[in-house]
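Engineer: So the sequence lines, in the order shown, correspond to chains A and B. Count the first sequence with the working numbering and you get residues 1 to 264, in order. Count the second sequence with the working numbering and you get residues 1001 to 1663, in order.
Simulated from the structure, these hints should not be mistaken for lab results. None of these values were measured; they are calculated from a predicted model. The beta carbon of each residue, even a glycine, is placed where N, CA and C say it ideally should be. Please note that the accuracy of each hint is not assured.
Chain B side only, calculated, beta carbon under 7 Å to chain A, not exhaustive [unchecked claim]:
| hint | residue |
| --- | --- |
| 1 | 1056 |
| 2 | 1173 |
| 3 | 1175 |
| 4 | 1381 |
| 5 | 1406 |
| 6 | 1410 |
| 7 | 1436 |
| 8 | 1442 |
| 9 | 1447 |
| 10 | 1448 |
| 11 | 1449 |
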Amino acid sequence: MKQWIAMAILLLWIAAALLEPLLPISPDEIHLPAILAAPSADFWLGNDGLGRSVAERLIAGARIAFVVAFSTVLVSALAGTVIGAVSGYVGGALDHFISRVIDIMLAFPGILLAIALAAILGPGIENLIIAISSVGWVGYARLARSQAMSLRTREHITAAIALGSGQGRIVFRHLLPLMMAPLLVEASFGIAAVIVAEAGLSFLGLGVQPPQASWGSMIREGAGFLLVAPHLAIFPGIAIMLVVLSANLLGDWMRDRLDVRQNM
Amino acid sequence: MDKPVLQINNLTTSIGRGGDRVVPVSNVSFQIRQDETMALLGESGCGKSMTALSIMRLLPPSAEITDGDIMLEQSHLLDLSERAMRAERGGRVGMIFQEPMTSLNPVMTVGRQIGEAVKLHDADNRKRVMERVEELLDDVGIPDPARRMHEYPHQLSGGMKQRIMIAMALAGRPRLLIADEPTTALDVTIQAQVLQLMKQLQQQTGMAILLITHDLGVVAEVADRVGIMYAGEIVETADVADFFSQPRHPYSQRLFEALPTPQKRNRPLQAIEGQVPPLNAEFGGCRFVDRCPYAQTLCREQIPQWRGDQNSGYRCHFEDAGSSDAVATEEFELAEESIQGDTRAQALLDVTDLKVWFPIRKGVFHRTVGHVRAVDGVDLNLSTGKTLALVGESGCGKTTAGKGILQLIRPTAGSVMFNGEELTQLKGRALRKRRADIQLIFQDPASSMNPRMTVEEIIAEGLVVQGVGREQRQLRIAEILDQVGLPGDAVGRYPHEFSGGQRQRIAIARALILEPQLIICDEPTSALDVSVQAQILNLLKELQQQRQISYLFITHNLAVVSYLADDVAVMYLGRIVEQGSVEQILDEPLHPYTQALLSAVPVPDPDSKREVIRLQGDMPSPANPPSGCYFHPRCPQAMDECRRSYPAGREMDDGRRLSCHLV
Chain A
1 MKQWIAMAIL
11 LLWIAAALLE
21 PLLPISPDEI
31 HLPAILAAPS
41 ADFWLGNDGL
51 GRSVAERLIA
61 GARIAFVVAF
71 STVLVSALAG
81 TVIGAVSGYV
91 GGALDHFISR
101 VIDIMLAFPG
111 ILLAIALAAI
121 LGPGIENLII
131 AISSVGWVGY
141 ARLARSQAMS
151 LRTREHITAA
161 IALGSGQGRI
171 VFRHLLPLMM
181 APLLVEASFG
191 IAAVIVAEAG
201 LSFLGLGVQP
211 PQASWGSMIR
221 EGAGFLLVAP
231 HLAIFPGIAI
241 MLVVLSANLL
251 GDWMRDRLDV
261 RQNM
Chain B
1001 MDKPVLQINN
1011 LTTSIGRGGD
1021 RVVPVSNVSF
1031 QIRQDETMAL
1041 LGESGCGKSM
1051 TALSIMRLLP
1061 PSAEITDGDI
1071 MLEQSHLLDL
1081 SERAMRAERG
1091 GRVGMIFQEP
1101 MTSLNPVMTV
1111 GRQIGEAVKL
1121 HDADNRKRVM
1131 ERVEELLDDV
1141 GIPDPARRMH
1151 EYPHQLSGGM
1161 KQRIMIAMAL
1171 AGRPRLLIAD
1181 EPTTALDVTI
1191 QAQVLQLMKQ
1201 LQQQTGMAIL
1211 LITHDLGVVA
1221 EVADRVGIMY
1231 AGEIVETADV
1241 ADFFSQPRHP
1251 YSQRLFEALP
1261 TPQKRNRPLQ
1271 AIEGQVPPLN
1281 AEFGGCRFVD
1291 RCPYAQTLCR
1301 EQIPQWRGDQ
1311 NSGYRCHFED
1321 AGSSDAVATE
1331 EFELAEESIQ
1341 GDTRAQALLD
1351 VTDLKVWFPI
1361 RKGVFHRTVG
1371 HVRAVDGVDL
1381 NLSTGKTLAL
1391 VGESGCGKTT
1401 AGKGILQLIR
1411 PTAGSVMFNG
1421 EELTQLKGRA
1431 LRKRRADIQL
1441 IFQDPASSMN
1451 PRMTVEEIIA
1461 EGLVVQGVGR
1471 EQRQLRIAEI
1481 LDQVGLPGDA
1491 VGRYPHEFSG
1501 GQRQRIAIAR
1511 ALILEPQLII
1521 CDEPTSALDV
1531 SVQAQILNLL
1541 KELQQQRQIS
1551 YLFITHNLAV
1561 VSYLADDVAV
1571 MYLGRIVEQG
1581 SVEQILDEPL
1591 HPYTQALLSA
1601 VPVPDPDSKR
1611 EVIRLQGDMP
1621 SPANPPSGCY
1631 FHPRCPQAMD
1641 ECRRSYPAGR
1651 EMDDGRRLSC
1661 HLV
């Protein structure tokens, strides 16, 4: 049951993100009479400090969050998996080197590194994606490496070598498909983490720039009016919470499901 | 005779509920007297272990005993409270398991673990626990018990750990000892030690033993009576002597026929076709009907009555099924000439001085401080269409030797000539092409296949990587499936949908499709039941005949060797100690190790009172082999010379090669 609610919320989020350009909304339009207005019939979730519709800005923010979340997870999961799988399968000096790099990356608090990177690269969505991905791959790499190490001694790999398969075929045909399950779960949790990271960086002013709407920057702007108009921060907060919670629930559910398949 | 120690009446145990409910033990009755060893024999999934766990009331949470009565001396075990039952476990009933490695707590010394059992179950010795532990260790034949009791399980070998388990079970002075496959995970020489120990302890204490096993040889060795289990019920009980001279139930008869022996060399084994029926349905007839060659309509329609009494009888509609000449279902006739008169046999594989050493690295800079000499100078040769068996105990390096030949592990030194080509020099693409000619079959077919690939993809893989076109592939797959006896619709399914025997057939198909000249079979039947083993051995033999394939058969199972092999090489601690034809080695072994190994194998014949040559201790570590002859510390005939130098391999008059100073 839980997973269906989670899936519905995620679908709603994705639909909002994909359909945003087609919707009759204007998130940047200023309604001066409605500055800081509470939710009303015209503006369901109220208006912000410049009189812009919170509801419309939430939808616009959903698109940003979606783009950032999926591209970051895709980039870091792909890079991390390939680096980790090769490192674990090949072993030796290469593995030593990559493990040390992973250790060093993990020794830093990830968000701090991302902040530093975003600050160097300058604000903007692309730079945000680069910053989060360049710390995000480490988790996938570590997971993929341990998977590859335990799988490479499996007899089906030995059998494949004995048949005359090349290294590439072994990694892509016999190694990667078997480590998909844990990596998919990790990626679903990753989506939640990235949304939080994006919100955090945008909150610090390093992500999306005004007037573009993102959930993090909306909270930042709303924080100034927290006592006068709490809905400015509360609604984007709820949006983040719902999406993150759903992504996590779905990840949990997938982990259980995929485990059963593995045990068969 | 005295009263039975254990009396089980109509025991029925079920697992799960509703539609998922299975009944692994149904209506089982038997008794065991003092001083008596009763063996429960059967293939995997027949309910043997469930019966044992029911007696101990150690069933998994979803299982329950639905009917029956278990009497241990005067008490009804099923009526006891959980608290009272706890006192019985390890008290009047002791149990030992198959895997001594996982049954011991790795973070406690073995002395403390046995001490716990003493404290709980031996009131007389509660004051002197440690002394008692020492006595127990001494009883189970652990040398230097005062020191050994302070060691941890990982410091002991498999055989020693099983002795520790037995010592633990003995701590409560049990009236009944349940041994669930106690020697299955052990080597034959160690198995001989443990079986001997159990017999000896029984004589001292008079306990009853319930021995669960799938090995007819072990039954003949130690049991007084035997109960054959099939699909959850006992189909026959008998005295061991009667059982081995005349098994009554068709299933028992088939078990014997499926056993590989030297006498059956020139004909196929009688495999039991089909599988054990699922245990979730009600049976309206005989449970064996689908696999029974004598089955008639009656067998399907009526559940057969038990003939005889509880101590000796069987469950069959017919009094003497199968005693009249059997309906011979010969699938193929092995042509005489091909076995003997093949003079044009030529050398296919010639291995000279093969060494596979693994470096032991230590310290920050990974300095090499020594080598594990897994394979330490092995010479083998094998001709086209022949089978060479490489036998030895676990850890002797036989699997590593196989991998060295295949170049899956690059040998440290030595030469592997295959068809006149030096494999150790081949690299990259040339080696990958050559791999098509030498294939490999593993012990565990499940882990040797990618679970995410369909059977078709698995079998076709060799063709794909060797660059065979799609249409050709389709044809070959259909052909090969037919040849290994798999249904044509298997292609779209995944390996986990098949039984163990079928999976091994898939593995054979995968190896076979590249039309290799040599297949290295690494214990291909060890994970299979006897009836399925017979199917696979038949298949291998048939394929060899049709295609003149050579096999390098790596195994510890000497019965299989006697049935299948032409030549035998005996390996000990990385070296071949004796190599010759199967008759030479098995009938007239010259090397003391070969003699000991052969004498330790339990023979499925209670009348054969053979002399077991007992080897002292365990195999030494290949990282630090003994000086001189590697075997001298365990050799009963060692001389001074054996301590000084390793005997060079010599060709004997009868053509065998031998490394021993004695001969």
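Engineer: Evaluate each hint against the coordinates.
Structural biologist: Hints and how they fare:
1. 1056: Not OK, violated: residue 1056/B not within 7 Å of chain A, min 26 Å.
2. 1173: violated (41 Å)
3. 1175: Because about 39 Å separates residue 1175/B from the closest Cβ in chain A, which is outside the 7 Å limit, the hint is violated.
4. 1381: violated (21 Å)
5. 1406: holds (6 Å)
6. 1410: violated (12 Å)
7. 1436: holds (6 Å)
8. 1442: Check passed: Cβ of residue 1442/B comes within 5 Å of chain A, closer than 7 Å.
9. 1447: holds (5 Å)
10. 1448: holds (4 Å)
11. 1449: holds (5 Å)
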